[in-house]
Amino acid sequence: MSMTLHQLAAALGAQCTAPEPVQLTCTLRHVSSSPQADAQALVFAESRAALDAALASPAGAVLLTPALAAGLTASQPLLLHAQPRWAFAQAARLLRAPLRATGVHPTAVLGAHVHLGAQVSIGPYAVLGANVSIGDHSHIGAGAVLGDGVRIGADCQIHPRVTLYSGTQIGNRVTLHAGCVLGSDGFGYARHAESGAYLQFPQQGTLVLEDDVEIGANTTIDRGALEETRIERGSKLDNLVHIGHNVRVGRDVVIAAQTGISGSSSVGDGAVLGGQVGVGEHAEIGPQVILGGGAGVLSQKKLRGPGSVFWGRPAQPLREYLKSLAALARLSRRAKE
Amino acid sequence: MSMTLHQLAAALGAQCTAPEPVQLTCTLRHVSSSPQADAQALVFAESRAALDAALASPAGAVLLTPALAAGLTASQPLLLHAQPRWAFAQAARLLRAPLRATGVHPTAVLGAHVHLGAQVSIGPYAVLGANVSIGDHSHIGAGAVLGDGVRIGADCQIHPRVTLYSGTQIGNRVTLHAGCVLGSDGFGYARHAESGAYLQFPQQGTLVLEDDVEIGANTTIDRGALEETRIERGSKLDNLVHIGHNVRVGRDVVIAAQTGISGSSSVGDGAVLGGQVGVGEHAEIGPQVILGGGAGVLSQKKLRGPGSVFWGRPAQPLREYLKSLAALARLSRRAKE
Amino acid sequence: MSMTLHQLAAALGAQCTAPEPVQLTCTLRHVSSSPQADAQALVFAESRAALDAALASPAGAVLLTPALAAGLTASQPLLLHAQPRWAFAQAARLLRAPLRATGVHPTAVLGAHVHLGAQVSIGPYAVLGANVSIGDHSHIGAGAVLGDGVRIGADCQIHPRVTLYSGTQIGNRVTLHAGCVLGSDGFGYARHAESGAYLQFPQQGTLVLEDDVEIGANTTIDRGALEETRIERGSKLDNLVHIGHNVRVGRDVVIAAQTGISGSSSVGDGAVLGGQVGVGEHAEIGPQVILGGGAGVLSQKKLRGPGSVFWGRPAQPLREYLKSLAALARLSRRAKE
Numbered sequence: 006m007s008m009t010l011h012q013l014a015a016a017l018g019a020q021c022t023a024p025e026p027v028q029l030t031c032t033l034r035h036v037s038s039s040p041q042a043d044a045q046a047l048v049f050a051e052s053r054a055a056l057d058a059a060l061a062s063p064a065g066a067v068l069l070t071p072a073l074a075a076g077l078t079a080s081q082p083l084l085l086h087a088q089p090r091w092a093f094a095q096a097a098r099l100l101r102a103p104l105r106a107t108g109v110h111p112t113a114v115l116g117a118h119v120h121l122g123a124q125v126s127i128g129p130y131a132v133l134g135a136n137v138s139i140g141d142h143s144h145i146g147a148g149a150v151l152g153d154g155v156r157i158g159a160d161c162q163i164h165p166r167v168t169l170y171s172g173t174q175i176g177n178r179v180t181l182h183a184g185c186v187l188g189s190d191g192f193g194y195a196r197h198a199e200s201g202a203y204l205q206f207p208q209q210g211t212l213v214l215e216d217d218v219e220i221g222a223n224t225t226i227d228r229g230a231l232e233e234t235r236i237e238r239g240s241k242l243d244n245l246v247h248i249g250h251n252v253r254v255g256r257d258v259v260i261a262a263q264t265g266i267s268g269s270s271s272v273g274d275g276a277v278l279g280g281q282v283g284v285g286e287h288a289e290i291g292p293q294v295i296l297g298g299g300a301g302v303l304s305q306k307k308l309r310g311p312g313s314v315f316w317g318r319p320a321q322p323l324r325e326y327l328k329s330l331a332a333l334a335r336l337s338r339r340a341k342e
Numbered sequence: 006m007s008m009t010l011h012q013l014a015a016a017l018g019a020q021c022t023a024p025e026p027v028q029l030t031c032t033l034r035h036v037s038s039s040p041q042a043d044a045q046a047l048v049f050a051e052s053r054a055a056l057d058a059a060l061a062s063p064a065g066a067v068l069l070t071p072a073l074a075a076g077l078t079a080s081q082p083l084l085l086h087a088q089p090r091w092a093f094a095q096a097a098r099l100l101r102a103p104l105r106a107t108g109v110h111p112t113a114v115l116g117a118h119v120h121l122g123a124q125v126s127i128g129p130y131a132v133l134g135a136n137v138s139i140g141d142h143s144h145i146g147a148g149a150v151l152g153d154g155v156r157i158g159a160d161c162q163i164h165p166r167v168t169l170y171s172g173t174q175i176g177n178r179v180t181l182h183a184g185c186v187l188g189s190d191g192f193g194y195a196r197h198a199e200s201g202a203y204l205q206f207p208q209q210g211t212l213v214l215e216d217d218v219e220i221g222a223n224t225t226i227d228r229g230a231l232e233e234t235r236i237e238r239g240s241k242l243d244n245l246v247h248i249g250h251n252v253r254v255g256r257d258v259v260i261a262a263q264t265g266i267s268g269s270s271s272v273g274d275g276a277v278l279g280g281q282v283g284v285g286e287h288a289e290i291g292p293q294v295i296l297g298g299g300a301g302v303l304s305q306k307k308l309r310g311p312g313s314v315f316w317g318r319p320a321q322p323l324r325e326y327l328k329s330l331a332a333l334a335r336l337s338r339r340a341k342e
Numbered sequence: 006m007s008m009t010l011h012q013l014a015a016a017l018g019a020q021c022t023a024p025e026p027v028q029l030t031c032t033l034r035h036v037s038s039s040p041q042a043d044a045q046a047l048v049f050a051e052s053r054a055a056l057d058a059a060l061a062s063p064a065g066a067v068l069l070t071p072a073l074a075a076g077l078t079a080s081q082p083l084l085l086h087a088q089p090r091w092a093f094a095q096a097a098r099l100l101r102a103p104l105r106a107t108g109v110h111p112t113a114v115l116g117a118h119v120h121l122g123a124q125v126s127i128g129p130y131a132v133l134g135a136n137v138s139i140g141d142h143s144h145i146g147a148g149a150v151l152g153d154g155v156r157i158g159a160d161c162q163i164h165p166r167v168t169l170y171s172g173t174q175i176g177n178r179v180t181l182h183a184g185c186v187l188g189s190d191g192f193g194y195a196r197h198a199e200s201g202a203y204l205q206f207p208q209q210g211t212l213v214l215e216d217d218v219e220i221g222a223n224t225t226i227d228r229g230a231l232e233e234t235r236i237e238r239g240s241k242l243d244n245l246v247h248i249g250h251n252v253r254v255g256r257d258v259v260i261a262a263q264t265g266i267s268g269s270s271s272v273g274d275g276a277v278l279g280g281q282v283g284v285g286e287h288a289e290i291g292p293q294v295i296l297g298g299g300a301g302v303l304s305q306k307k308l309r310g311p312g313s314v315f316w317g318r319p320a321q322p323l324r325e326y327l328k329s330l331a332a333l334a335r336l337s338r339r340a341k342e
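Keeping their order, the protein sequence lines are chains B, G and A. Reminder that position 217 of the first sequence reads as 222 in this note's numbering, one-by-one numbering, no gaps. Reminder that position 119 of the second sequence reads as 124 in this note's numbering, one-by-one numbering, no gaps. Reminder that position 121 of the third sequence reads as 126 in this note's numbering, one-by-one numbering, no gaps.
There's no promise every hint is true.
Same chains, same label: a pair holds when it works inside one copy or across any pair of copies.
[To be verified] Pairs of lysine to any residue residues, derived as SDA-like cross-links and limited to a Cα-Cα distance of at most 25 Å, are as follows:
1. K328 / A198
2. K306 / E325
3. K328 / L60
4. K307 / E233
5. K328 / G317
6. K306 / A334
7. K328 / R338
Simulated from the structure, these hints should not be mistaken for laboratory data.
Kindly produce the complete structure, drawing on both the sequences and the hints.
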């Protein structure tokens with residue numbers, strides 16, 4: 006895709022200034038970092054140093070805040086936006102070539118009563134079970150396996166080798182990265198009192214991913230045991246994350262790589278979980294709560310307070326965690342003397 | 006599958022009571038949670054609150070302990086069992102429709118001298134190397150890859166996209182969830198004293214999974230270096246677990262998600278490891294030992310004592326770990342004042 | 006492959022002694038542990054106990070240091086090498102049967118303008134996009150998916166079900182274990198100040214793996230956001246490791262299982278990271294630094310000093326970490342009394 010500077014500014018809701026009026030019709034084709042920019046690249050700057058690099062580059066235009074632009078004389082056109090990082094991400098999306106619909110590859114195996122929307126693409130060796138439904142403009146990658154009754158909305162991108170167990174429900178505009186496994190059996194067993202043997206507790210619930218969810222490579226999310234697991238609208242999960250059965254992840258939640266959430270816990274809207282966080286069973290992470298990388302939340306624990314930061318194992322309010330670290334450091338130093 | 010209440014009670018070894026004798030012949034078709042129950046559902050209760058929900062539901066029958074049933078008048082039939090959770094899991098298994106044998110999909114690629122038992126099912130695009138053997142009634146999912154000489158017992162369920170490296174041995178009634186990789190090379194290298202370069206130490210041993218083992222999605226288990234890695238009868242591993250080379254996991258062991266066990270360590274029968282536990286090399290976790298979530302066990306360490314609980318990094322006996330936490334909290338509070 | 010003792014000694018640069026000259030022409034076919042050795046096996050010993058086991062075994066020859074061999078009378082031939090573990094790994098490589106080139110399986114799907122070197126093997130159901138290039142003698146496993154423009158060097162072993170996103174560059178003699186996902190989108194989002202919604206920050210950079218890199222099963226490595234992620238020559242990553250966007254891992258680095266490195270961090274040449282280590286964003290691990298298992302490195306942190314060991318969360322110099330543990334243990338004990 007390409008757009009003129011003028012078109013892009015309008016689409017982003019950005020104010021546009023250019024030393025020469027003719028520059029307003031210059032063509033932008035992609036976003037870039039400043040060191041790699043060419044004359045058709047849009048770059049962005051949130052700091053003075055980044056701005057210097059941008060202005061020294063051959064970039065076609067620079068996206069920045071009005072404050073940073075104040076009093077600036079530049080040879081390049083400028084796009085002014087209160088949230089340049091957001092606008093840059095928007096620009097990338099606008100300029101990105103849309104995925105080309107390639108149709109259903111002749112090697113794809115489709116079960117009975119599969120329903121495909123308009124402009125659906127299905128890659129080589131993908132396998133769709135019976136009664137699978139795929140919404141308009143969705144892409145299913147090579148070697149993906151979709152069990153019976155899986156439903157996928159419109160404009161989804163399912164990368165290669167994703168596995169969706171039967172009955173998994175996926176909303177619109179969802180991205181699933183390669184190798185993720187969604188809807189697998191949860192980890193619940195009944196133990197026999199005498200023999201000590203384990204027998205699987207029924208894992209027959211469902212998994213629902215709402216619109217605009219994104220799931221990282223090789224992440225695993227289990228179906229509900231008797232009820233459901235649900236990832237709500239707009240949440241983003243990184244690679245190698247584990248979500249247990251019956252978990253609810255609210256809206257616009259961010260979960261970094263290698264974090265694990267045990268069965269029946271919930272994460273409130275807008276929460277942010279760092280990498281390698283561990284959450285026990287039946288815990289509650291409140292809305293907007295922030296958990297530092299590697300934090301550990303005990304089973305049954307409730308962490309509350311919008312904007313509160315918790316850290317450590319077991320997780321404490323940030324202030325107390327830092328106090329503990331400092332107290333231990335002092336104690337240790339004193340022992341040294 | 007469906008069973009009459011009377012048949013199910015007999016199969017579970019449960020005592021059955023019903024207000025009306027005709028109810029003993031009612032048909033049950035599935036297990037359920039109370040909120041989702043219909044007239045053909047079995048529900049179970051281990052607490053007074055769960056019992057109230059069960060009795061308020063339209064469930065066809067309620068499974069509970071004799072103690073909880075004492076003096077109870079209910080409109081529903083009751084199944085009395087000393088271990089209702091165990092009996093509920095049994096009922097789920099009895100009522101579940103057996104996997105339908107679908108035969109060998111025409112796209113499956115079979116190497117030379119593959120031996121298939123009776124009623125084996127092999128999904129689309131599965132690839133079996135030379136000299137692979139699959140026992141009766143086992144199911145191999147779509148896109149699974151089984152290397153040369155892999156042996157799988159009877160009544161196994163191998164989900165889609167599982168990879169078994171050559172020579173891996175799998176017992177009977179084993180479940181492998183999607184994306185797990187079994188029998189890959191262990192992580193062992195010789196380092197050259199002068200150049201600092203690493204050369205792979207030979208990873209040519211085997212991996213054996215005994216009967217009734219269950220392995221979670223995207224879990225990885227390495228083959229032995231020169232000898233074997235072994236997961237013994239009845240053990241259950243959750244998603245994204247890592248087991249290194251030469252490890253022995255005993256019988257009826259439970260290992261929660263994202264736990265990692267380094268090379269040459271052993272875990273005794275009946276041990277329970279929480280999520281995100283890390284075990285160093287050549288460590289020994291004794292029989293029946295319990296490791297809390299996120300615990301860390303140092304290389305060479307031996308943890309002993311049936312029923313002992315260890316927690317923290319490095320792992321300590323639970324009592325000492327809690328004492329440490331409390332002492333640190335006191336110290337930190339005092340510093341505040 | 007088989008070699009005479011004499012040939013193997015020459016290839017390893019080892020000194021060879023034998024009680025009977027005829028033994029110098031005996032044939033060795035494989036390496037082995039002492040308990041499993043037969044007359045055609047090479048075993049090795051680094052300790053007196055291992056030596057006793059080796060001498061008691063029927064092994065065809067024993068590899069050991071000159072020091073350990075001093076004054077020894079043995080019935081077996083001895084190979085003397087200053088680094089017996091390294092020489093043993095070399096011997097395993099020399100004696101291993103080379104992978105047999107099997108050609109391109111008829112079910113492999115090749116896009117336009119794919120370039121295959123000499124003696125390339127491609128397994129069943131592998132999918133190669135347009136403009137993919139594979140170097141001489143490389144093997145691509147069953148079900149692997151290589152996106153458009155992927156380049157793979159010579160003598161690589163790509164195990165089954167590996168996924169390489171488009172544009173990923175792989176050097177020579179690289180091993181990628183089953184299920185790993187390389188070149189996936191990094192985890193970066195712009196958040197809208199008012200709505201709280203997240204929009205993907207562009208993840209359009211590249212991923213480069215240099216020569217002799219080895220990657221474990223189900224490991225994930227993200228492409229750069231705007232620039233590149235790079236794993237330099239000779240580095241070895243274990244299973245279930247996560248590497249974020251824009252990370253640089255230097256030469257001959259070792260990273261054990263389940264470790265995660267967040268975006269834009271770097272790891273210097275020859276560093277060693279234990280299992281379950283977590284590294285925050287924009288951190289720097291210096292050359293030759295050693296991080297103990299489970300260590301946590303804060304964002305922006307720089308750890309320096311060749312050979313320095315850091316441990317704990319947050320990571321401290323080993324000495325200070327041990328001091329802290331000891332101080333806390335004393336404090337806790339005192340509270341007990």
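Here's how the hints hold up against the structure:
Taking the shortest Cα distances, K328 and A198 never come within 25 Å of each other, neither inside one copy (44 Å) nor across copies (31 Å). Both within a single protomer and between protomers do K306 and E325 lie at most 25 Å apart by alpha-carbon distance, with minima of 17 Å and 21 Å respectively. In this homomeric assembly, K328 and L60 never come within 25 Å of each other (Cα to Cα): the closest approach is 44 Å inside a single copy and 51 Å across copies. When the C-alpha separation of K307 and E233 is checked against a cutoff of 25 Å, the pair qualifies only within one copy, where the shortest distance is 21 Å, while the shortest distance between copies is 40 Å.
Within a single copy, K328 and G317 get their C-alpha atoms as close as 12 Å, and across copies as close as 17 Å, so both meet the 25 Å cut-off. In this homomeric assembly, K306 and A334 come within 25 Å of each other (Cα to Cα) only across copies, at 18 Å, whereas the closest approach inside a single copy is 28 Å. In the homo-oligomer, the alpha carbons of K328 and R338 lie at most 25 Å apart both inside one protomer (15 Å) and across protomers (8 Å), since each shortest distance falls under that limit.
Violated hints, listed in ascending order, are 1 and 3; each of the other numbered hints is respected by the structure.
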